[in-house]
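Each chain, written out:
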Amino acid sequence: MRWPQPVSWHPEVVPETTVRPRHSRRPNRTGERPAPIAVALGAVAAALFLLPFAGLLWRAPWSSLWDELNTPEIRTALRLSVVCSVSATALSVVLGLPLAWLLARVSFPGRGLLRASVLLPIVFPPVVGGIALLFAFGRRGLVGQYLYDWFGIRLPFTTAGAVVAATFVAMPFFVITVEAALRTMDRRLEDAARTLNANRWDTFRYVTLPAIRPSLIAGAVLCWARALGEFGATITFAGSFPGKTQTIPLAAYLALERDTDAAVALSLVLLAISVVVLVSLRDRWLGGFS
Amino acid sequence: MTDTGLHAEVGVRLGLLDLALDLDVAAGETVALLGPNGSGKTTALRCLAGLLPVDTGRIDLDGETLDDPATGAWVVPEQRRVSVMFQDYLLFPHLSALDNVAFGMRRSGMSKGAARKAAGAWLDRMGLGSHASARPAALSGGQAQRVALARALAAEPRLLLLDEPLPALDAGTRVEMRHDLREHLAAFTGLRVLVTHDPVDAFALADRVVVLEAGRVVQQGTIPEIAAEPRSRYVAELVGVNLLRGEADGATVDLDAGGSLTLAEPAHGAVWVLVRPAAVALYRTRPDGSPRNTWQATPAGLDLRDDRVRVRLVGAPPIIAEVTSAAASALDLESGTPVWVAVKATEIDTYPV
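Here the protein sequences come in this chain order: D and E.
Counting in my numbering, the first sequence runs from 1 upward without gaps.
Counting in my numbering, the second sequence runs from 1 upward without gaps.
Since the hints were derived computationally from the structure, they do not count as laboratory data.
Values in this document were obtained by computation on a predicted structure and should not be read as measured data.
Backbone N, C-alpha and C define an ideal beta-carbon position, used for all residues, glycine too.
Among the hints, a few may not be true.
Claimed, not checked - Computed spacing ranges between beta-carbons, pair by pair:
id : chain 1 : residue 1 : chain 2 : residue 2 : range
1  : E       : D24       : D       : G110      : 55 to 63 Å
2  : D       : R188      : E       : A326      : 53 to 61 Å
3  : D       : V94       : E       : G129      : 36 to 44 Å
4  : E       : T56       : D       : M185      : 27 to 35 Å
5  : D       : L113      : E       : D124      : 53 to 61 Å
As the list claims (entries may be wrong) - If you only want the chain E side, here are some residues facing chain D, beta carbon under 7 Å, derived:
id : residue
6  : A49
7  : L51
8  : D55
9  : W74
10 : P77
11 : S83
12 : V84
13 : L90
14 : H94
15 : G104
16 : R107
17 : S108
18 : A186
19 : F188
Pulled out of the complex, with its shape left as it was, chain D reads as follows (with noise of 0.2 Å):
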């Protein structure tokens, strides 16, 4: 029997056009069967990255390495490598956070330019960098003369010119990451809590930050990674006096010329952070952080 219909309104039923069939190979669940030129030249894409840490794990001197790294020598430099990149890192999130505060929400003129400004250190040659920091902040730099002058502050060839420069470079990574996420969070929520009897600082402190942790996080690991690994600006500005700006990757490259096995050990060290550094920001970048 046939139902009555309901009279109401119905979508329009667009009828299938007829294609003719063409044969191909189909395309298997997986997807689409790939270009043997795009597997040939991925494959040497891949072994560029892979390669090298091969060559690094292939030459380690894994029975002495824990000797290689029981120096008094390598053990200031790990030291120091540390200070440096935890000052950097604190430095970069002190600064940094009200940085990325205004860039985000304040409208001022010339935001565009500090926010590409920001960027610079990230696609400036470090060493470029280290130069242009000698100048604002060496001896006869534009700000160092009245540093020195005025408060006895000398950076050049310290261990605060390491930390300076390694916060250069790195403190991008951080207020770019913070910069997004104040951008894009629900700032709904920070109006609902202004309704609820919290005033900007509360506000900000129990409900903008709490939004923007993770990113935070990432942000605070991916500064201190590049601040671990700085070479360039450090080397040229702070230059690599030993228990004062000879940090890990400066120890590594001097180590190089005369003992080729505190090289690799060093590089090794290196290479384990970068490690564990991806490995617990993978999520975030892999698959978001839901």
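Given the coordinates of chain D, assemble chain E onto it according to the supplied hints.
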């Protein structure tokens, strides 16, 4: 001007919107701002909450001037004691239901222990005591709504603003949530302003309705007043729901205009019955599907609007249906041939007179 209640003249120009709204709300009253998207109702609400300053006008609440560009008066949102139940609720995703409700009390200086205790009592009152530690993502729509309401009320506002409190859900859930909201609102003694684009929400929750269109008030009054005499085509369309009075006795309601209807949500006593014209289905022969409410009626007037036709049907009860013009001609409505009317029980809303 009296010293209690809300007296607001809200003048805002924002993009294409030119809003000019005079709104008075007396103590204990619920007023609905009803209008389509872009009519300025949410902007008005943001002004009342202090999230947006007015360009012209003035906002007074219980004798205190909150916003007056002429004198430079401005009270920041956190000191207005105006709470908002936001569209989508905007619960803080990183806090538990309990800490969401405690938020307003904590920020006004209450100790952590006292605030959490009071928040727990609010959740119990909302029937959510067992969900205190749940994150908002783990709550259903109805639960999130109750947490949002508890959070807004726990801040002890003088004025409660509700922005589209009932989301687009299936009809049955909506009816239930509306019912809950109505009960919880009745327990709040402050002023209430409700913003909605749905006339049924406005009818069910508010004492008085202000209809906004493109930033202007086109009509205001009590619900039966507006439904009885819509002053513009727009209002007629907006509030053109079937509004029938009757006596409910559990799952059935006997209508004053004749006939009776079966309800999905039991009701008792004198009630208004609301049915959207689009929810009224017409058949040529008697339907024997799921609709329990079927009766025969005669088309007595057709009102063509774009591709839609509003049909006035005489029967027991009389009702207005909205069908496509194609359906109208298929049913041969113009000849006045009697048709069968069907309304699903879940499409019927009631609220006490």
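Verification of the supplied hints:
At roughly 46 Å, the beta-carbon separation of E/D24 and D/G110 lies outside the given 55 to 63 Å, and the hint is violated. Remark: the range hint 53 to 61 Å for D/R188 to E/A326 is contradicted by a beta-carbon distance near 42 Å. For the pair D/V94 and E/G129, the supplied restraint of 36 to 44 Å holds, since their beta-carbon distance comes to about 43 Å. With their beta carbons about 32 Å apart, E/T56 and D/M185 fall inside the hinted range of 27 to 35 Å.
Between D/L113 and E/D124 the C-beta distance comes to about 55 Å, which sits within the given range of 53 to 61 Å. A hinted interface residue such as E/A49 counts as satisfied when its beta carbon comes closer than 7 Å to some beta carbon of chain D; here the least separation is about 5 Å, so the hint holds. Taking 7 Å as the C-beta contact cut-off toward chain D, the hint placing E/L51 at the interface holds, the least distance being around 5 Å. The beta carbon of E/D55 is not positioned within 7 Å of any beta carbon in chain D (closest approach about 19 Å), and the interface hint is therefore violated.
Interface restraint check for E/W74: the shortest CB-CB distance to chain D comes to about 13 Å, outside 7 Å, so the restraint is violated. Here the hint on E/P77 is kept, as its CB sits about 4 Å from the closest CB of chain D, short of 7 Å. Taken as an interface hint, E/S83 checks out: its beta carbon lies about 6 Å from the nearest beta carbon of chain D, inside 7 Å. The beta carbon of E/V84 is positioned within 7 Å of a beta carbon in chain D (closest approach about 5 Å), and the interface hint is therefore held.
Interface restraint check: E/L90 against chain D, minimum CB-CB distance 4 Å, threshold 7 Å, status holds. A distance limit of 7 Å between C-beta atoms decides the matter here; for E/H94 the minimum to chain D is near 4 Å, and the interface restraint holds. The criterion of a C-beta within 7 Å of any C-beta in chain D is met by E/G104, whose closest approach is roughly 4 Å, and the hint holds. Look at E/R107: its Cβ gets to within about 4 Å of chain D, closer than 7 Å, so that hint holds up.
At about 4 Å, the closest approach between the beta carbon of E/S108 and any beta carbon in chain D falls short of 7 Å, and the interface hint on this residue holds. Among the interface hints, the one on E/A186 is violated; its C-beta lies about 22 Å from the nearest C-beta in chain D, farther than the 7 Å criterion. Contact between E/F188 and chain D, as hinted, is not supported at the beta carbon level, the nearest pair being about 16 Å apart and thus beyond 7 Å.
In summary, the numbered hints that this structure violates are 1, 2, 8, 9, 18, 19.
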